[in-house]
Amino acid sequence: MAIPFKYSIRSLLNRRISTSLIILGISLVIMIFVSMMALAQSMRRAIVQTGCTDNVIIKNKSTSSVEFGLLPEDVLNIIRYLPGIKKNNQGIPLVSPELYNRKFIKFGEDDKIIWLRIRGITPLAFEVYPQVKMITGRKPQRGEVIIGKELPVKFGKEFLVGDKIQFGKQEHSIAGIFESAGSTYEGEIWMDKEDLKLDFDMKDISLVTVKLESPSLKDAFIKEVNSNPRLPTAGAMSEIEYYASLAETSAFVLVMGIIIAVLMSLGAIFGGMNIMYMTIAARTREIGTLRALGYTSSHILTSLIIESLFIAIIGGTIGSFLSIGVNGYSLDLFEVAFSIKITPAVILSGFIVSLFIGFFGGLLPGLSAARMRIVEALRHV
Amino acid sequence: MKYLTLIYRNILRNKRRTVLIFSSLSFALFLFVFLFTVLSSMDKVMYRSNILNNIYAYSKSANSSLINFPESYNDKIKALPHVVDAHPCLMIFTYFEKSTMFITLFGVISDISEIIGITRIEGLDLDGLSQERTAALVGSCLIDEYNWKIGDKIILISAVTQEEIALTIKGVVHGLSNASYHVYSNLRYLQDLLDNQGRVSFIHIKAEDPSFVPDISRKAEALFRNYPVEIIAITEKSFMDSIVDLIKAILIAFRFIGWITIISTFLLVANCIAISIRERTAEIGVMRVLGFSRAKILSLVLAESIVVAVAGGMLGAFLAYILPTILPITIPTNIPLRVEPDASLLTYAFLISILIGFFGGIFSALKSILMKPGNAIGGVG
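Protein chains in written order, with the numbering used here: chain X, 1 to 381; chain F, 1001 to 1381.
One should not assume that every hint holds.
Unchecked claim - Derived list of chain F stretches under chain X, where covered just means 3 residues or more per stretch with a C-beta under 8 Å from a C-beta of chain X:
no., stretch
1, 1017-1026
2, 1159-1170
3, 1227-1237
4, 1262-1272
Said to hold, decoys possible - DEER-style ranges, computed between Cβ atoms:
no., chain 1, residue 1, chain 2, residue 2, range
5, F, ARG1188, X, ASN88, 50 to 60 Å
6, F, ALA1282, X, THR289, 19 to 29 Å
7, F, ILE1150, X, LYS164, 46 to 56 Å
8, F, LEU1370, X, PHE356, 40 to 50 Å
9, F, GLU1122, X, GLU224, 49 to 59 Å
10, X, LEU198, F, GLU1164, 45 to 55 Å
11, X, GLU376, F, LYS1372, 48 to 58 Å
12, F, GLU1208, X, GLU109, 34 to 44 Å
Keep in mind that the hints were calculated from the coordinates and are not lab data. Every residue, glycine too, gets a C-beta built ideally from N, C-alpha and C.
Bound conformation, chain F alone (with noise of 0.2 Å):
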C-alpha cells in the first residue's frame, strides 16, 4: 500500500504521456468490444440453447405471398417418432402505418416460446390468446419504437393483400433479439380474417433429441410426398446459419479488424511504455543503490503500466458496453438483430489490458534492472 503513492506520483509524472497511452487504449479497447458485442449479439440470437432440436416444415411451392400449408397436416406430423410437439403458425408480413421496416405478425393457438426465443411476457400470455381473438402480444422492441401499450388498439396492415388486421395490445413480449420485434395473435383469428381457414405458413416441429432430427427431417418430407402441397423441412440451426451466411463477410471483417486494433495499438503504446521506462533507467538505477531489491522496482514499474492500461482500456471497454442501451443499434438482416451488451467481453477487455500493461513494459523494465546500479545511473548501455 504504501508504494501506491509512489506509483500514482510516477503516472502523473508526465500527464500528457499518460492520457496519450491511456487514450490509444480507450479507442482500441472501445472498438474491440464494440465489434465482438455485435458477433455476441449474433450468437446469442441465432443460436439460442434449444435451437437444435427444433424443425421448420414450409409448403415446398411457398412463397412470399401465398398462405398454403395444410393444417391437417400437423397431426401426422406430430404422430411421427420421436417428435414431442408439433405447432402450426401463421406468418404474415405487415406494417403498420408509419414505419419503414416489415413487422412480422405469427398467428399462433398454443405456447410457442420455446420455439422463438420468449424470456418473459408481461400480461395476457400466449395460451391466453387462444381465449380473446383480437389479442397480440407486442415485442418490447416495437412497443419502444412506436410508444404503444398494454389496451392499444392497432391496425397492422397485410403487406401481400393489404388487408388491415386490427388487434389489441395484451401482453409485451421479452425474448431474446427477433422475438422483440413481432407480433403474436389468435391464429383462428387470422385465418377467418385472411379467409385463409385450414391454412397456415409453416409447422414447428420439437424433436425429443437433436440426433432424430435429420430422420425426422426425412421423415415429414416423404410423408407428405406426391401430396398436392409437398413440404421441406428445414431445421432451425441450418435456418439461422442462413440468416449468418448473409451477412458472414462482415462478420469475418469484424473480427479481423476489433484484433489488427487490439495487435496495432499494442505495438504502438508498447514501444510508448518502453520508451518511457527507458528514460528513467538513471532513476532505477539510484533506486537500486537506496535498496530496492530487482524484484521491487519491476513490481513498481510494471504496475504503473498496467494501472494506464487497464484504465483506458476499461474505459473504452465500458462505453462500448453500455453503448447498445444508450444508442439502440440495429443490424438489417433477414430477422431484426438488435445488438445487446455483453459482460462476458469486459472480462476480455480487462484481460486484455492486463496483457498490454504487462508485455509493454517487461522487457524495459527488465533490461534496466539487471543494469550495474552505476551504469543504470551513468546512462552507460
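For reference, chain X alone in the conformation it holds in the complex (with noise of 0.2 Å):
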C-alpha cells in the first residue's frame, strides 16, 4: 500500500514559508517561460502566416529581401501569360505587382522617427491576397492610403479614417484600416503604386506576387520562372517560404527565450532541492518510523517525489495564469507588429517544464531519504 496522498499534502502544510517560497520560484520561472514562448511563437506566426499556400513571390533573384533590388515591370508583360495562374471572375490573371519601401518618418512634438514599411499596389492586390479585409472606410484611391490595424502601435496613438499621414513628398490621407488575420502587412500602409513612385522617385517595381490555380502548381510555376530565359533578373519562391526566411529575428526571440527559461529552471531545481533536503533533514525519524512501519524505500521516493510534482504544479498553474496578463498585448518588435498569444499548446509547454523541475527537485532528495537506514533515522535527534 502507497503512502496516502493526504500525507503529503499534510507535510507541505506543515511547512507553509518554505512550500510557499518554492511555489513562487516555479510560478515565476513558468510566467516568464510561458511568456517569452508565447512571444517568439506570436512573432514567428505573424512572419509566417503572412504568406498563402497558393502565392508565389517573384522578386530580384540575387538579393534575399525584397527591401532591395528591383526588377522592371515589363517582366510583367511575360509573368502574366505563365501557365498556372489563376484567373479572376473577369478572366483578369491574378498578378500583383508591387512595391516595397521602408522609410523613417519625423513624428510628433519631439520629432520621434518611426520606421514605416510602405507597400504600393494595384486593386489586384486584394485578390491576391483575400486575408486582407477592410475594417473601416475602404480601398485606397489615388492620394490615399489604408493602414494595418497594428500601425497605430508604432505611434502609440489611434488613427481615424480622414486623418493624415506624412511621409516622401506629401501628406496622404487614411481612407480607411484594414487586417489580415495576424500577418505583419497588419503593420504596414498600402497605397497607389504610381503614388508610391511618385513620392519616392521609383522607377521599376520591387516584387510581384501571383496567386496559382492550386498550390499544387507551385514547384512547376517557380521552376518556369527560375528557368525562363526572358526573365533573367526574376527569382521565384513560394510566399510562405520568403517569410519563413525573414523569420530570423523571432528565432533569436525563441532561443533567448529558452536560455533564459533553462538558467531560471536550474536556479529553481537547486533551491527547492536545497529546501527539500532540509525538510527531509528536519523528518529523518518520521521518515524511520514509515519505514518501521513497512513502507518500502519505493514508497518514500515515490512520496516525496509526489510532493514535488504537487508543489511544481501548483507553481506551474499560478505562472500560467499569471503569464495570460501578456496575452492581446500588442507590440511592435523588430519591425514586426503583432499581438501576442498566449496558446494552449505553449501552456502545456509551461507546465511540462514545470514537471521537470517539481521531478529533478525532488529526485534526488528523494533517493536520499529512500536510502536511510531505518534505525539511524530512529535514532536522529
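Now that you have both chains on their own, put them together as the hints suggest.
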C-alpha cells in the first residue's frame, strides 16, 4: 500500500513558508517561460502566416529581401501569360505588381523617428491577398492610403479614417484600416503603386505576387520562372518560404527565451532541492518511522516526488495564469507588429517545464531519504 | 584571522547545502549579469557621449535603392550658424559572396571617426582613403568573421544594382559595435563606379553644442524647401532611439527578468540560510556559554553566509562577463549589436551577493544570539 496522498499534503502544509517560496520561485519561472515562448511564437506566426499556400513571390533573384533589388515593370508582360495562374471573374490573371519601401519619418512634437513599411499596390492585390479585409473605411484611391490595424502601435496613438500621415513628398489621407489574419501586413501602409513611385522617385517594382490555380502547381511554376531566359533577373519562391526566411529575428527571441527559461529552471531546481533536503532532514525520524511501519524505500521516494510534483503543478498553474496578463498585448518588435497569443500549446509546454522542475527538484532528495537506514533514522535527533 | 578556519569549517560542514546555495546564486547572477550586459552594450553603442551634437540630413524621398542626395548641399549646410562641420557620405548595402547579412559600405572623403564611434584604426587612416581610391578600411568584426587581413582584395556586391565593388583592405577599424561591422572606402571611387557623381546618401552635420541641434535641423530643412530634392534632418539621438524602440519590449523584458531572478533567488536562498542558522541555535548557545560575545557570533555567522553568497554569485557573474568574449553574440537589430562585456556589472553582482548573504542570515542570526544560552542549548523558543 502506498503512502497516503494526504500525508504528502499535510507535510507541505506543515512548512508553509518553505512551500510557498518554492511555489513562488516555480511560478515566476513558468510565467517568464510561457510569456517568452508566446512572444516568440506569436512573432513567428505573424511573419510566417503572412504567406498564402497558393501564392508565389517573384523578386530580384540576387537579393534575399524585396526591400533591395528591383525588377523592371515589363516583366509583367511575361509573367501574366505563364501557365498555372489563377484568373478572376473578369478573366484577369491574379498578378500583383508591388513596390516596397522602408522609410523613417519624424512624428510628434519631439520629432520621434518612426520606421514605416510602405507597400505600393494595384487593386488586384486584394484578390491575391484575400485575407486582407477592410475593418473601416474603404480601399485606397489615388492620393490615399490604408493602414494595417497594428500600425498605431508604432505611433502610440489611434488613427481614424480621414486622418493624415506625412511621408515622402506629401501628406496622405487615410481611406481605411485593414486587418490581415494576424500577419505582418497589419503593420504596413498600403497605397497606390504609382503614388509610391512618385513619392520616392522610383521607376521599377520590388516584387510580383502571383496567385496560382492550386498550391500543387507551385513547384512547376517556380521552376518555370527561375529557368525562363526572358526573366534573367527574376527569382521565384513560395510566399510562405519567403516569409519563413525573414523569421530570423523571431528565432533570436525564441533562443533567448529558452536560454532564460533553462537558467531560471536550473536555479529553481537547485533552490527547491535545497529546501527539500532541509525538510527531509527535519523529518528523518518520521521517515524512519514510516520505514519501520513497513513502507518501502520506493514508497518513500514516490511520496517525496509526489510532494515535489504537487508543488510544481501549483507553481506552474499560478505562473501560467500570471502569463495570461500578456495575452492580446500588441507589440512592434524588430519592425513586426503583432499581438501576443498565449496558446494551449504554450501553456502545456509551461506545465511540462514545471513538472520537469518538480521531478528533478525532488528526485535526489527523495533518493537520499529512501536510502536512509531505519535504525539511524529513528535515532536521529 | 583566527576565526577564518572556523568559518571555513562551518561552510564545509554541510557540503551539499553549501553547493546548492552556491549553485542557485551562480545561475541567478549569471542570468542577471548576462541580461544587463546586453542592456549595457546597447547603451554603449546607441548613446556614446558625442551623439547629441550629431545630425543626419537625408533626402525626403530617399529609399533603399536610390541615392539622390545632392552633394552640393554640403557647402550650404556647412555655412549655417553653429555648424562646426558637414561631411557627405555614401551608404551602400552590399554583400560578400558567402555572407548572409548585409555589409554596409560607407564612402567618405574625410575623417568621420567621431561620427560613427571609431576608437582605433590599424593601418591606413580615414584621411589616407582620399589618397588611395580602391582602399578600404574594414571593421574588426568583419575581419574576424571572414578571416580577412590587411592586403586582401575583396569584392562586395551592391544589393541594389548588383554591381561589383573591388576593394583592397588597407586598414582595420576598431570601435563601438556598429563601427566594427562596416567597411569604409573612398567616396569618389564609389561615386564613379556606381555612376552617382555628385550624389550621396546623406550629409552628417556636427553642431557646436546640443542646444543648437533643433534649430540647425529646422534651418537645414527650410533651406531646401521646394527644391527638387527636399531634405529631412534627424538627430543621431532620435535615430538611435528609434532603433532602441524596435526592441524596446525585449529590453524591458530583460530588465524585468533580471530583477525577478534576483528577488526569487534571494527568497529561496535566504530561506535556506535562515533554516541552517536556526539548526545551529544550540551550537550558538554553547558558544555563548564559552564566552563568545553576541557581536562575535553574529559576525561569524554572517561571514559564513556572505562568503557562500559572494563565492556563488561572483562565479556566475564572472562566467557571464567572459561569455561574450568566448561566444560572440550579435543582436539582429538594424545596426548589428554585438554584446560586449561590462566590468561595472561585476561590482553590482558583488554588492547584490553581499546583500543576499547579509539579509539571508541577519534575522535568524539575531534571533539565535538574543536567546538566553540555556534556552538556546535546550532548544526552547
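Taking the hints in turn, this is what the structure says about them:
1. 1017-1026: holds (count 5)
2. 1159-1170: Our answer is that it holds, as 3 residues pass the Cβ test (under 8 Å) against chain X, meeting three.
3. 1227-1237: holds (count 4)
4. 1262-1272: holds (count 7)
5. ARG1188/F with ASN88/X: 50 to 60 Å: Between ARG1188/F and ASN88/X, where Cβ atoms are some 52 Å apart, the hint holds.
6. ALA1282/F with THR289/X: 19 to 29 Å: holds, 23 Å
7. ILE1150/F with LYS164/X: 46 to 56 Å: Since the Cβ atoms of ILE1150/F and LYS164/X sit about 53 Å apart, the hinted range of 46 to 56 Å holds.
8. LEU1370/F with PHE356/X: 40 to 50 Å: Given range 40 to 50 Å: holds, Cβ gap about 42 Å.
9. GLU1122/F with GLU224/X: 49 to 59 Å: holds, 51 Å
10. LEU198/X with GLU1164/F: 45 to 55 Å: Violated: the Cβ-Cβ distance is about 32 Å, outside 45 to 55 Å.
11. GLU376/X with LYS1372/F: 48 to 58 Å: violated, 32 Å
12. GLU1208/F with GLU109/X: 34 to 44 Å: violated, 24 Å
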